[in-house]
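Asker: These protein sequence lines are chains L and Z, in that order. Going by my numbering, 178 is the number at position 178 of the first sequence; the sequence numbering is gapless. Going by my numbering, 72 is the number at position 72 of the second sequence; the sequence numbering is gapless.
Please keep in mind that the hints were generated in silico from the structure rather than gathered at the bench. Heads up, some of the hints might be wrong.
With a straight-line Cα cutoff of 20 Å, these simulated SDA-like cross-link-like pairs (lysine to any residue) come out [stated by the list, open to error]: (1) L:K81 to L:D67; (2) L:K117 to L:T158; (3) L:K164 to L:R148; (4) Z:K251 to Z:Y134; (5) Z:K251 to Z:K318; (6) L:K81 to Z:R42; (7) Z:K318 to Z:G350; (8) L:K81 to L:V91; (9) Z:K347 to Z:E308; (10) Z:K347 to L:V91; (11) Z:K318 to Z:T265; (12) Z:K347 to L:V39; (13) L:K167 to L:V64; (14) Z:K347 to L:G139; (15) Z:K251 to Z:F306; (16) L:K81 to L:K117; (17) L:K156 to Z:P267; (18) L:K164 to L:G121; (19) L:K81 to Z:E351; (20) Z:K251 to Z:T265; (21) L:K81 to Z:G350.
Nothing here was measured: the structure is a model prediction, and the numbers come from that model.
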Amino acid sequence: MRHEVRFSGYGGQGIILSAVILGRAAALYDNKYAVQTQVYGPEARGGASMGQVVIDDEPILYPVVTDPDIYVIMSQQGFEKYGVWAREDAVMILDADLVRSRPGCRYYEIPATAEAKENLGREIVANIVMMGALVATTGVVSREAIERAVLDSVPKGTEDLNQKALKRGFELGELASTTPP
Amino acid sequence: MSRVEFMQGNAACAEGALAAGCRFFGGYPITPSTEIAETMARRLPKVGGVFISMEDELASIAAVIGAAWTGTRAMTATSGPGFSLMMENIGYAAMTETPCVIVNIQRGGPSTGQPTRAAQGDMLQCRFGSHGDYSTIALTPNSVQEMFDLTVKAFNLANRFRVPTLLMSDEIVGHMRERMAIPDSVDIIPPAPLAEGSLPFEAGDDGVPGFAPFGSGRSIHVTGLTHDERGYPDTTDPEAHDRLVRRLVTKVESARREIADYVVTNPDAETVFVTYGPPSRTVEQVMHTHPDDDIGHLRLRLVWPFPEFALQEFPNAKVFLMPELNMGQMVREVQRHVDQPVISIPKIGGELHTPAELVRILEAHR
Numbered sequence: 001m002r003h004e005v006r007f008s009g010y011g012g013q014g015i016i017l018s019a020v021i022l023g024r025a026a027a028l029y030d031n032k033y034a035v036q037t038q039v040y041g042p043e044a045r046g047g048a049s050m051g052q053v054v055i056d057d058e059p060i061l062y063p064v065v066t067d068p069d070i071y072v073i074m075s076q077q078g079f080e081k082y083g084v085w086a087r088e089d090a091v092m093i094l095d096a097d098l099v100r101s102r103p104g105c106r107y108y109e110i111p112a113t114a115e116a117k118e119n120l121g122r123e124i125v126a127n128i129v130m131m132g133a134l135v136a137t138t139g140v141v142s143r144e145a146i147e148r149a150v151l152d153s154v155p156k157g158t159e160d161l162n163q164k165a166l167k168r169g170f171e172l173g174e175l176a177s178t179t180p181p
Numbered sequence: 001m002s003r004v005e006f007m008q009g010n011a012a013c014a015e016g017a018l019a020a021g022c023r024f025f026g027g028y029p030i031t032p033s034t035e036i037a038e039t040m041a042r043r044l045p046k047v048g049g050v051f052i053s054m055e056d057e058l059a060s061i062a063a064v065i066g067a068a069w070t071g072t073r074a075m076t077a078t079s080g081p082g083f084s085l086m087m088e089n090i091g092y093a094a095m096t097e098t099p100c101v102i103v104n105i106q107r108g109g110p111s112t113g114q115p116t117r118a119a120q121g122d123m124l125q126c127r128f129g130s131h132g133d134y135s136t137i138a139l140t141p142n143s144v145q146e147m148f149d150l151t152v153k154a155f156n157l158a159n160r161f162r163v164p165t166l167l168m169s170d171e172i173v174g175h176m177r178e179r180m181a182i183p184d185s186v187d188i189i190p191p192a193p194l195a196e197g198s199l200p201f202e203a204g205d206d207g208v209p210g211f212a213p214f215g216s217g218r219s220i221h222v223t224g225l226t227h228d229e230r231g232y233p234d235t236t237d238p239e240a241h242d243r244l245v246r247r248l249v250t251k252v253e254s255a256r257r258e259i260a261d262y263v264v265t266n267p268d269a270e271t272v273f274v275t276y277g278p279p280s281r282t283v284e285q286v287m288h289t290h291p292d293d294d295i296g297h298l299r300l301r302l303v304w305p306f307p308e309f310a311l312q313e314f315p316n317a318k319v320f321l322m323p324e325l326n327m328g329q330m331v332r333e334v335q336r337h338v339d340q341p342v343i344s345i346p347k348i349g350g351e352l353h354t355p356a357e358l359v360r361i362l363e364a365h366r
């Protein structure tokens, strides 16, 4: 089955990296097919950033995301630019403290940035917390695959922190309930 | 055995070049090709190669030609504005029969246009952009794997025919990431050496002279002026010019069947898509979601020299449909080779045709 996953937030949160890690998890460790693309423009740090991934059990022909069924949104501007048109049967994972709006589709509120800052000690791993919540709530890739892809992709010396962030994301995803239920 | 990676198209192009033995890159970074230069800058010094960040694209292609004449496999990468600047020396490479590879990750033009958006607007420029008569070879990948494979192939074709060979990709394929495999080794075809007793620009039946790069022991004069078989200028004799330039063109054009690289799907179809580069993936998606033996697809992995005989693989064709990310460039080549109607499906602005767009057009023409 074809899944289209869109990540959005602001430049500097690791939005593009999140998309690359998810694609890598699917393509290298879950024996699926994946194509990762991104909005690539003159945006600066702080502007709206967007990365996306197509995941399928079959080879991916059309490589571009046209109508995502899964969203991960980490800023208000990102929601307004890339999330507001989500179709009704999509599911959205929101960083609850950074996104004020709520979509018309089902959504999960994940306090990823607060968790990263207060309990993990480094705000920079908020995107990895979101990745954990994404996998726990949607199962779009396996936990083993995402863990291996995260460990491949993060700087040396930060493996433990990122692994902790991912695990915490799994937990927050398991605890979160959808709205509407 | 091979190494499987989840890699960006531009990085795969650089890996293909390294696998093919490329050991010189002279370039000037330009969006959306920059990752090729970045990867080569990181990797080349580690394999004994040379990376030079040149002052501009005129110098980049000049350095590549110079490096190639030392017998080193050499490449540059650019996009629209840089490609335009390279035109004169691409002609020089054609005239001097210099084997080299030029990568163009196409973006929206003309001029600086859309730096971050995809286009296929340079497809005629890559064939006719330099002045005078000459021929080149141009390849058109549609996936990350093909960015690797066709870069390797570009080096081999450049060596086999001693022509500047162009990898004509675009921002979509250059920047997407997909699973791809890097084989442990690839077949590398070196240029045929210049035979003892042969003059430096004296060719056999295939029109391709043996190559004696600087340092190989032969004294060679290399010039962009019309030259004789010895390599010395002969700029007024009509026969000398005709002999040389006719050979430069026919050595490539007469080998069209050997060079051709295309994929035929549903040859009995009456409605036939002709594509190259990423629009081929939209067509493949349409054919997958609307299975119909009556829709055929000719996908060109190599567009120049144009393989007009490939169109004959569809004997029942009633109409050809050609989606391109330009206002209709290669469609002219199809139109002049077939009697059937050929419908151009142009799209500019930077986005790939969607499957829904092509389905609408398909329905209108059946």
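Asker: L:K81 and Z:E351 were given as a pair; does the straight-line alpha-carbon distance stay at or below 20 Å?
Answerer: Holds, at about 18 Å.
Asker: Verify the proposed pairing of Z:K251 with Z:T265, using a straight-line Cα cut of 20 Å.
Answerer: violated, 30 Å
Asker: If you draw a straight line from the CA of L:K117 to the CA of L:T158, is it 20 Å or shorter?
Answerer: Holds, at about 15 Å.
Asker: Is it true that the CA of Z:K251 sits at most 20 Å from the CA of Z:K318?
Answerer: Roughly 33 Å between the alpha carbons, so the hint for Z:K251 and Z:K318 is violated.
Asker: Run the distance test for Z:K251 versus Z:Y134: straight-line Cα separation, threshold 20 Å.
Answerer: Cα-Cα ~10 Å, so holds.
Asker: Would the pair Z:K251 and Z:F306 pass a check requiring their Cα atoms to be no farther apart than 20 Å?
Answerer: holds, 14 Å
Asker: Check the hint pairing L:K156 with Z:P267 against an upper bound of 20 Å on the C-alpha distance.
Answerer: violated, 53 Å
Asker: Given the hint that Z:K347 pairs with L:V91, test it: the Cα-Cα distance must not exceed 20 Å.
Answerer: Violated - the C-alpha atoms of L:V91 and Z:K347 are around 32 Å apart, more than 20 Å.
Asker: For the pair supplied as a hint, L:K164 and L:R148, is the alpha-carbon distance within the 20 Å limit?
Answerer: holds, 13 Å
Asker: Is the Cα-Cα distance between L:K167 and L:V64 20 Å or less?
Answerer: violated, 30 Å
Asker: Given the hinted pair Z:K347 and L:V39, is their Cα-Cα distance within 20 Å?
Answerer: holds, 19 Å
Asker: With a cut-off of 20 Å on the C-alpha distance, tell me whether L:K81 and L:K117 pass.
Answerer: Violated, at roughly 26 Å.
In terms of the numbered hints stated before, the structure departs from hints 5, 6, 7, 9, 10, 13, 14, 16, 17, 20, listed from lowest to highest.
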